[in-house]
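Colleague: Could you put the whole structure together from the sequences, leaning on the hints where they help?
Read in the UniProt record's numbering, the sequence shown has 269 at position 269, and its numbers run on one by one without any break.
One thing to keep in mind: the hints can contain errors.
For lysine-lysine, the following DSSO-like pairs were computed, each having C-alpha atoms within a straight-line distance of at most 27 Å [claimed, not checked]: (1) K298 to K106; (2) K19 to K298; (3) K158 to K256; (4) K256 to K298; (5) K150 to K298; (6) K106 to K150; (7) K227 to K189; (8) K19 to K106; (9) K106 to K18; (10) K150 to K19; (11) K298 to K158; (12) K158 to K18.
The set of hints was computed from the structure by calculation and includes no laboratory data. Just so we're clear, the structure is a prediction, and the values are computed from it rather than from any experiment.
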Amino acid sequence: MIKSKLDNFESFIRRLSKKYDPHTNVIGLGRSILAIGTLLTLLTNPTHYLFNKSTEGVYFNPLLNTDQFTLNKLNFFLLLGADHAYLMQIAAIVILIVVVSGYFIKVTSVLHWWIAVSFMLSSSLLDGGDQIAAIMSLLLIPICITDTRKNHWEVSTKRESASNVLAIMAVWLIRIQVAIIYLDAATGKFPVTEWANGTALYYWLNHSVFGIQSGLTPLLNPVLSNKFLEPILTYSVLILELLLFTSIFASVRFRKRILPIAISFHLFIIIFHGIFSFFFSIVCGLVLYLYPTYHDLKFKALTLKIKKAS
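Modeller: Pasting the structure below:
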């Protein structure tokens with residue numbers, strides 16, 4: 001009796017491991033988007049900006065000013081010492097290009113996380129996107145090390161495997177993490193007076209540091225100053241963030257529909273606030289959160305090229 005139930009349970013788990021096998025090109029797309037964010041940061045910024053010193057020669061990031069900090073010895077960018085970080089920056093660029101290409105999935109998944117967490121701990125130019133990148137690249141490792149494909153852009157071949165269970169659990173950890181990001185983003189605004197009275201968007205977009213470019217001010221301020229439109233636009237941000245949180249309980253159909261809206265929302269944040277690395281990190285999270293990771297995307301031309309190359 002007990003053996004029969006155990007056999008049935010095992011059979012059930014095996015079926016689930018095949019049906020929800022996340023080793024698809026959706027994971028590949030998410031990984032690539034995540035890597036592109038850090039890659040662009042490393043490509044477009046010289047080393048002395050990323051690991052900045054004051055005029056007195058002291059690093060702005062206090063962790064770089066002491067050899068006593070144990071993690072410095074394990075930091076990817078500091079393997080040759082802080083003064084030679086430019087060499088490791090070049091190495092990181094090469095590795096991230098390989099990540100985007102989709103090859104060497106198992107090895108590059110670990111290297112990607114190492115680069116992301118090292119950058120988060122050592123750079124003096126950070127935003128929330130770098131923290132998300134460190135977390136997402138870590139949670140992607142169980143999915144990648146159980147991936148048997150040669151390239152993460154390949155269309156998957158569904159199979160029953162115990163390792164798929166580990167990968168599925170990692171996908172759910174990613175989904176929970178992204179849901180919490182949006183829950184925190186929404187509820188964190190509730191106690192703020194400007195968000196409560198519907199005027200926050202005006203103040204944020206006119207902020208001296210994070211606000212819109214001066215050239216856009218004459219176009220947007222009449223809209224933001226409108227007593228009818230201003231609260232609607234402000235509260236729509238809160239509503240969208242709450243909807244994105246509740247999407248963890250929603251149907252696949254709903255999640256697919258809200259995905260382009262969420263990406264467009266963050267695209268506007270780039271235009272208005274210029275936070276580029278955050279965009280790539282959160283879009284990676286949104287793709288893995290809202291799109292079913294067990295369904296391959298139809299990249300016909302790309303798939304054909306990869307199959308021929310293999």
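Colleague: The structure should be examined with respect to each hint, and the outcome stated for every one.
Modeller: Here's how the hints hold up against the structure:
For a cut-off of 27 Å, the pair hint linking K298 to K106 stands: about 23 Å separates their Cα positions. Distance hint between K19 and K298 is fulfilled; the C-alpha atoms sit about 18 Å from each other, no more than 27 Å. About 22 Å separates the Cα atoms of K158 and K256, which keeps this hinted pair within 27 Å; it holds. Using a Cα cut-off of 27 Å, the hinted pair K256 and K298 holds, with the two alpha carbons roughly 15 Å apart.
A threshold of 27 Å between alpha carbons decides the hint, and for K150 with K298 the separation of about 18 Å falls inside it, so the pair holds. In summary, the hint linking K106 to K150 is supported, as the alpha carbons are separated by about 10 Å, within the 27 Å threshold. With a C-alpha separation of about 20 Å, the suggested pairing of K227 with K189 holds against the 27 Å cut-off. Restraint check for K19 and K106: the C-alpha separation of about 22 Å stays at or below 27 Å, so the hint holds.
The suggested pairing of K106 with K18 holds, with an alpha-carbon distance near 20 Å, which does not exceed 27 Å. Between K150 and K19 the alpha-carbon distance is near 21 Å, which keeps this suggested pair within the 27 Å criterion. For the suggested pair K298 and K158, the alpha carbons sit about 16 Å apart, so the restraint of at most 27 Å is met. Distance restraint check for K158 and K18: the Cα-Cα separation of roughly 6 Å lies within the 27 Å cut-off, and the hinted pair is therefore satisfied.
Hint violations for this structure: none, all hints satisfied.
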